[in-house]
Amino acid sequence: MICQRCKNEASVHLTERVGGKRKEIHLCSACAKKSGLGLPESPPNLALDAVVQDLILTHVGELVGELAELACPECGIKYMEFRAGGRLGCPQDYRIFGRGLLPVIQRVHGATRHVGKVARQRPGAIHRLRLRSQLRDAIAREDYEEAARLRDQLRLKDIHA
Amino acid sequence: MTLDDLTKTSGEWLRGNGPESDIVMCSRIRLARNLAEFPFTNRSSRAEKGEIESHFKSALAASRLEMDYFDVNVLPPLDRQFLVERQIISSELAKGEGPRGVAISPHENAAIMVNEEDHLRIQYMLSGFRLHEVWDEINNIDDQLEENLAFAYNPSLGYLTACPTNVGTGIRVGVMLHLPGLVQDKSIDKVFRALQKINLAVRGLYGEGSQAFGDFYQISNQQTLGKSEPELIRILTDVVPQVLLYERQARQRLVTERRQHLHDQVSRAYGVLKTAQTISSEETMLLLSSVRMGINLGLIDDVSIATVNELFIQTQPAFLQKIRGSELDVEDRNVARATYLRSRLANGRMAPEP
Ligand SMILES: [Zn+2]
Ligand SMILES: [Zn+2]
Chain Z
1 MICQRCKNEA SVHLTERVGG KRKEIHLCSA CAKKSGLGLP ESPPNLALDA VVQDLILTHV
61 GELVGELAEL ACPECGIKYM EFRAGGRLGC PQDYRIFGRG LLPVIQRVHG ATRHVGKVAR
121 QRPGAIHRLR LRSQLRDAIA REDYEEAARL RDQLRLKDIH A
Chain F
1 MTLDDLTKTS GEWLRGNGPE SDIVMCSRIR LARNLAEFPF TNRSSRAEKG EIESHFKSAL
61 AASRLEMDYF DVNVLPPLDR QFLVERQIIS SELAKGEGPR GVAISPHENA AIMVNEEDHL
121 RIQYMLSGFR LHEVWDEINN IDDQLEENLA FAYNPSLGYL TACPTNVGTG IRVGVMLHLP
181 GLVQDKSIDK VFRALQKINL AVRGLYGEGS QAFGDFYQIS NQQTLGKSEP ELIRILTDVV
241 PQVLLYERQA RQRLVTERRQ HLHDQVSRAY GVLKTAQTIS SEETMLLLSS VRMGINLGLI
301 DDVSIATVNE LFIQTQPAFL QKIRGSELDV EDRNVARATY LRSRLANGRM APEP
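Residue numbers (UniProt numbering), protein chains in the order written: chain Z, 1 to 161; chain F, 1 to 354.
Because the hints were derived from the structure by calculation, they are not lab data. Because the structure is a prediction, the values reported are computed rather than measured. Among these hints, one or two may not hold up.
[As the list claims (entries may be wrong)] No more than 30 Å apart at the CA atoms, straight line, and that leaves these computed lysine-lysine pairs for BS3-like:
#1 K7(Z) to K95(F)
#2 K95(F) to K78(Z)
#3 K95(F) to K8(F)
#4 K57(F) to K95(F)
#5 K197(F) to K117(Z)
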């Protein structure tokens, strides 16, 4: 079995249930580790089945249901797409997928709170992310009048950014 | 500055000066940043990537930073590979698609990739073991860009990144170490396992997934959340001296227990590099590594560390093809590599036996 993300031999195989459908994930240990699905630093004699069982319980069991169905209204990414690809779609996903993400973050970093450099407050930015997602939608449904209006709004705010 | 100008110079980080530069090739910090009003790169449309690029270019122009921007999207594949070899862009950026690029400072200390996995990947490199200086420099670059860019950030999770493994500080603090002693000693795996236990990552010179060559290894933090930037830097500044000590002890053992063997190995390596008519990249790396250690142990005294450091980069395929001005197949590259090595190492002689 080949890793879905690179061409290496896959060593982590997971089955997730997405709304009744089975979805298989095959990753090499490096890619699995990257997406927070790696095997824990455990004694090497621990049976692999037990480790995988543990992973499924901690990472998938809780997801069956609402989280598995969740999609970000700003960028459209589904939680399960993130789980399969390892990349989030937009900054708002951290809030929207918080319940699923925090255990992964805790596992990777051993912490869930930032204590480093503080960025400038830019309260307008989230509004602009919303405008851009509306713009994408307008273009997709070929509503060019609305698209033009949204572009003007974005341009207007550019001046004050 | 054009890319062809770069073939005539080499990065400051190859100079071979700065503290502990016999082992620490360079100190490097990378910051991941994203613009709050756009989806992450993998979810941005082509038009949005174009806007991200132009937002960045105007912020750069408005700053006091002196950097030249290269549009990677229009660069020929050879030039992209050339930038990868110089450690200025990642192969991910080289292979990507759509609007993307890199801003480079005059001595190649600073590079900012645009539309890689994150909108911005800022990196700063200095030769030797100088992480605090590197942090001051990159922190300043980050501040100046932030004057005109709204970064994706929230107070509890910090800087928001496309992959949750970089969230928080978005920082990767690394040092590139030359560890031929530990490799020959076969104790390198032990050292790596110890580093991994304290959540430090070890990678080969060309980063993830590739085999380390030339005995160069990069050690860096993996966790980016829950500790401040200075705390993460301190982990490296606490641990690296220990690795340096092990490497020096290993080299000392080679000198005292296997002096003749060592001198023979170093002399042969130098001799082959100076006389070969055709040579592969792998063999070159191996031999340059021996020569580099030989210089540091006083066994070779007529070639500088800087020259050897440069040769690690300048014997790579894209560089050789750029100075030749044409594409070369493997056989031709091996000949071009040998010719280049002979010209750079000419007039050398071995140090007399002490
Ligand atoms: Zn993989
Ligand atoms: Zn989103």
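Notebook entry, point to check: Going straight from one Cα to the other, do K57(F) and K95(F) come out at no more than 30 Å?
Noted result: holds, 21 Å
Check: Does K78(Z) lie within 30 Å of K95(F) when you go C-alpha to C-alpha?
Finding: It holds: about 26 Å lies between the C-alpha atoms, which stays within 30 Å.
Checklist line | Hinted pair K197(F) and K117(Z), Cα distance within 30 Å | finding: With Cα atoms ~26 Å apart, K197(F) and K117(Z) stay inside 30 Å; holds.
Notebook entry, point to check: Has the given pair, K7(Z) with K95(F), been kept, meaning a C-alpha gap of at most 30 Å?
Noted result: holds, 16 Å
Note to self: Would the hint linking K95(F) and K8(F) be met if the CA-CA limit is 30 Å?
What the structure shows: The hint holds at about 25 Å.
In this structure, every one of the numbered hints holds.
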